[in-house]
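**Q** For reference, the chains in residue letters:
Protein chains: 4
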Amino acid sequence: MCRWLAYSGEPLRPSELILDTQHSLVAMSLNSPLGAETVNGDGFGFGWYPEDKSHGNTPALFHSIEPAWHDENLRELTSSIASPLFFGHVRAAAGPPIQQSNCHPFRHENWLFMHNGFLDGFLEMKRDLVLAIDPSLFPLIHGTTDTEVLFYLAITLGLQDDPIAGLGRAIRMVESVGESKGIHFPMQGTVAVSDGNTLWAFRYSTSLKSRSLYHSAAIPELRELYPDAARLNVFGEKAKVVVSEPLTDLPGAFVELPESTVAVLDDSGFHHEPFLERTAA
Amino acid sequence: MCRWLAYSGEPLRPSELILDTQHSLVAMSLNSPLGAETVNGDGFGFGWYPEDKSHGNTPALFHSIEPAWHDENLRELTSSIASPLFFGHVRAAAGPPIQQSNCHPFRHENWLFMHNGFLDGFLEMKRDLVLAIDPSLFPLIHGTTDTEVLFYLAITLGLQDDPIAGLGRAIRMVESVGESKGIHFPMQGTVAVSDGNTLWAFRYSTSLKSRSLYHSAAIPELRELYPDAARLNVFGEKAKVVVSEPLTDLPGAFVELPESTVAVLDDSGFHHEPFLERTAA
Amino acid sequence: MCRWLAYSGEPLRPSELILDTQHSLVAMSLNSPLGAETVNGDGFGFGWYPEDKSHGNTPALFHSIEPAWHDENLRELTSSIASPLFFGHVRAAAGPPIQQSNCHPFRHENWLFMHNGFLDGFLEMKRDLVLAIDPSLFPLIHGTTDTEVLFYLAITLGLQDDPIAGLGRAIRMVESVGESKGIHFPMQGTVAVSDGNTLWAFRYSTSLKSRSLYHSAAIPELRELYPDAARLNVFGEKAKVVVSEPLTDLPGAFVELPESTVAVLDDSGFHHEPFLERTAA
Amino acid sequence: MCRWLAYSGEPLRPSELILDTQHSLVAMSLNSPLGAETVNGDGFGFGWYPEDKSHGNTPALFHSIEPAWHDENLRELTSSIASPLFFGHVRAAAGPPIQQSNCHPFRHENWLFMHNGFLDGFLEMKRDLVLAIDPSLFPLIHGTTDTEVLFYLAITLGLQDDPIAGLGRAIRMVESVGESKGIHFPMQGTVAVSDGNTLWAFRYSTSLKSRSLYHSAAIPELRELYPDAARLNVFGEKAKVVVSEPLTDLPGAFVELPESTVAVLDDSGFHHEPFLERTAA
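Residue numbers (our numbering), protein chains in the order written: chain E, 1 to 281; chain P, 1 to 281; chain L, 1 to 281; chain H, 1 to 281.
Quick caveat, the hints were computed from the structure, so don't treat them as lab data.
A hint or two may mislead.
Which copy is meant is left open, so a pair is good if it fits within one copy or across any two.
[What the hints assert, rightly or not] Keeping only pairs whose Cα atoms sit at most 27 Å apart, straight-line, the calculated DSS-like set for lysine-lysine is: (1) K209 / K126; (2) K238 / K53; (3) K209 / K181.
Input sequences plus hints: build the corresponding full structure.
**A** In C-alpha cells:
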C-alpha cells in the first residue's frame, strides 16, 4: 500500500531520484496520483549497496517512522553518499503498526526485498505461512508485516538460488493457503528483489489487476530523443530506475511493465520475462 | 498551515470529535478539502482542561510528532478521558522543524493558544518581535514557531486581562514590524484562546482573506431541526465546537465566522464581535 | 529486564508514584540499584483502568519509545488523570527492537499484563510457543517480545478463568519446551496481571533466583507507625503498591515477596499463595 | 552535559570509534565513569565530512532523539561510510527539550561545532546573548540550546576567520554578560570546531575546573610501543581522536588536554596553545 523506487547503474547520489525529480519518491509520498492511497506518510525505508565493495556487498539500511517529506536525516544521508544500487520505499500502513521493524526494504545477507501491495486476508493466513518458513529463518523475522513473511517464505523456497522461481513458489503457496481460507485474491502488488548485482522487478496479482510499475528506457536512447534535457546529465549510460509511477512526464522516458511479468535489470541491460502468467486462467 | 478544533460544553470524550465524526480532526489531517494544504501530517497536539477542578484548572498537553492518523496514544488518551474544554491541532509544517516543542496548543499558566495560518516573513520579523516580548517571559519560549512568539507577545500586551485587546495589540505590532520590513500581509489565520472558562475564536488576516473558521449552531436548535439525528445524543445542551472546517455535512449545523471577527463562547452561549475590522481600509 | 510498578486502591494521580516519590519508577529508569541493568531507557508503558466505569472497565494504554525520564507526555498524562488501578513499566531491551508494540503492559480485553525478566533462549523456543497459542489469538500478537507470547500462551491456557493456574500452566509449558532445547532455566522474572478488580503479582524463576519484588504494607498500619509522615496523606486506606524496588527507604513500608509466590491484592486486602513452588526440587 | 568524540585522519569507518572500541562513544552513552552524568541517553548526533570532495566539503548530519545505544540507523550509517573527519556526540539534556534541532554537532556552511558542558545561568543570559548575534545569522538558529547560541555568537565574532580568537571573544562576552547578572562561572566545558581540514579542541571553564578532554598519541609512536596491538591496524599514520574520555585503557594511548588549552590537529600533526588562560587571575 505504498510507493517504491529502485536504481541500478553507475554510482549515483540517491537524492537525485528520492528528492529532486519532478515526481520523486518523496513527492509521491505526499501525493500519488496513480496509487491506491494518496498519502504515504507512515514511515519509509532506504537500502543501499556500497560503492566501495572492499568490505563486501552487504547493503545498509535506513528506516524511519517519520513521514519522508520532513525527514532531515533522509535528506542528509541521500545527498552525501553515492550508490550503484539502491531501494527507496514510502509506506501507507494498512494494518501492521508503524515501527522501524515494519519498514521496507527488508534485508537478508546480501539480499534486499520490498513490496507495494498486500497479502489479502493476511491475518487469517499468517499462522500457516509462518509455519512454512524454515525454522532456522523464523527467529530472523523482526516485524509484523505481510511482506517480511513473504520474503522469508521465498528464501525458504529458493529465492537465493533462483529469485524468479523462489518468489513464484512463495506466491503459489500464499495462493494455496488463501484458497483454503476462502480468500479469492491473496496476492497483490509489485516486488523488488536484488542480490547487489541484478535487480528483479515483479508485477503480479492473483486478480491480474496489479498496481502500476514502470522502468526507465535506456539512457543512450533517451539522450538521442532529448538532446537538450540537462536533467539526463546526472545519469550514466547504465542507469536504470524501476518505480511505482514515472518520475517525469517526459514521453518515452518510462516503460510500463505488463501484468504477470518480471523485469531483469543489470549492467548489461534489461529484459522482460513472463511471471506466473496463467494464474487466473 | 494547519487545522484545529476547540470544544466547550458538558464534559465529553474528545475522541467523539477528534476521531469519530464524518470529518473529524484526524480525518482532516489526511485530507482537508478547504485547507491550503491537503495533508496535515507534521505532528499534532491536544490540550484539555480537567473535568475535576479540585487540583486547579491548569490544562494538560499531549504533543506528538507522528502523523495524527496513526498515533495509538492519541486514540487511547482521547477515548479514555472526558473534558469540558479541549483543543486539538494537526500541523502542516511551513518551515520550523517538526518537534514536540513546535506543536500547538501552547500553554501559559491556565491559558491555551493555537493557530492555523502563519506570520508571513516571520524570519525577517522574528528578532524584532522576540525583543518586544517581556524579558521575564522570554525564557519560557521553548520552540521556534511564529505562533508561540505571537502568544507571548499577546501575553506581554495584556492577553490575560483582555484577550481581544491583547491579541489585537499583538497583531498590530506584527503588522507594524512587517510594514517596516516591506511585508504587506504579515498576519494570516485563525486563532483559538481560552482561560479554561471562555473560548475566544478569532478569524483575521491583514489581507482580509483569512482561512476558514466555523462553529456549531446551538444544540437545542439542532435537535429541533434533526429530531432523528442519533449523532447529536452524545452532546449536551451547552456543547459548542469551533473548527477549521465543518465536522459534518448536515445543513445548518455549522455557522461560518466572518472575516475580522471574534466569536466568544461559554456556557451561557455565544456572540460575535468585530475584531480589528478596519485594517485594510 | 526492566522495572515495573502496579497500584490498586482509591483513585490516585499516577504521577504520585511514577514521578514524585524518592525512588519513583522514573527515578528507577535512570538508576536501579537492585536491578540487573542500571539503565532502563528503552521505552516505557503505562496502562490504567478508568475511574469512571460508565463506559466499561477496559484499561487505556500509553506506550512510548523515548526514555521515561524526559517524556513530557508521560508527565502531563499521569499528573492529570486519576485511576484506581494502574501499571507502569520501564524497559531495558534485551533483544527485541524498541518499538511501541514491544512496550509493556500488554492488554487483552479487560486484562493487563507486564513482566520484568525474560524467557531465556526465547528465539529457540519462540516457534514452538507461538504454535501453542490458540489460532484465534495468534493474529492479536502485535510485537515481538517474549512477554507478549507468554501472555497469549497464558490466555490460551486459562488465565482469564483462573490467573494463577493459567500463568502456571504457561510457565510449565515454557519450561517443558526449554528442556527439550537444552535450556536449563527458561523462566525468569516477576509478572503483574489484573482484570481491573484484582491484582496478581508473581515472583518466580526456574532457577529459583528471581528478580526482586515488593509490595507496600497496609496504609492504616503505616499511619500508626509514622504519624508524622505527610507523604502518606495522599494515599487512601486501601492503597497498595507492588513494585520491583521499594519506593521509599522508610523501614517497614515495603514487604518483600518470597520466591515462588503470588500476592493477590484487592480492595479487601492482600494475601500470599505459593506458586509453582517445587519446581527445582 | 554530554560526551563527544572527533576524528581526523585517513578515511575511517566511524563505527570503529563510535561502536566498536572498549569505551566507544555509545558505550559511554550508557556509562561515563568520568562524566558528570552517568547516562547520556537524550539523543545524539553525528556529523561527517565527505571522503569524496567532488561535491564540496560540506559536512552531512545525522541527528536522533533516541538513545544512541539502540539506534539501528546509527549502526548502519557509521558502518557503511568512511570519512576523513567526523564528530559524534551523545547528550544528557540539562534543560532544553530533547529534539533533533537541539542535537549536536551544529553546522554552518562548512563548519561543525559541538560542546560538552553548559552555560550556567543560560536562561538569564539568553536574551542578551541572542541580541549580540548578527541579525543576518539570527534566523539560522533552529534549536534552543546554549551551545547553538555560543556557536552563532562565535561566528558573529570572527570564528570563521580565526577560530581561536572568535571562540575566545564569544566566551569573554558570555562571561561579561554573566557577571552583569551575578553569575560567577558562566562557561563550562569542552568544545570541538572544524572547517573540514583542521580540528580545534578547546578545554576551558570560567571556574578553571573543566570537564575532561583527551586526544590520542601519534599512531607511529603507539605502534612502536604496542607492536602486537591488532586494534591499531585499522588506523592510518595520521589518525587522531579527541574524546571526552579515553577510548581504551592502553597506557600512553591518550594524552589529557590541560585546562585553558586548545589542541590544533590536522594532517601534519598536532600542537597545544594556551586559551584564555589568565581568566580566573
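**Q** If a hint holds in the structure, say so; if it does not, say that too.
**A** Okay, the hints, checked on the actual structure:
no., hint, in the structure
1, K209 / K126, "within (23 Å within a copy, 37 Å between copies)"
2, K238 / K53, "both (19 Å within a copy, 24 Å between copies)"
3, K209 / K181, "within (21 Å within a copy, 46 Å between copies)"
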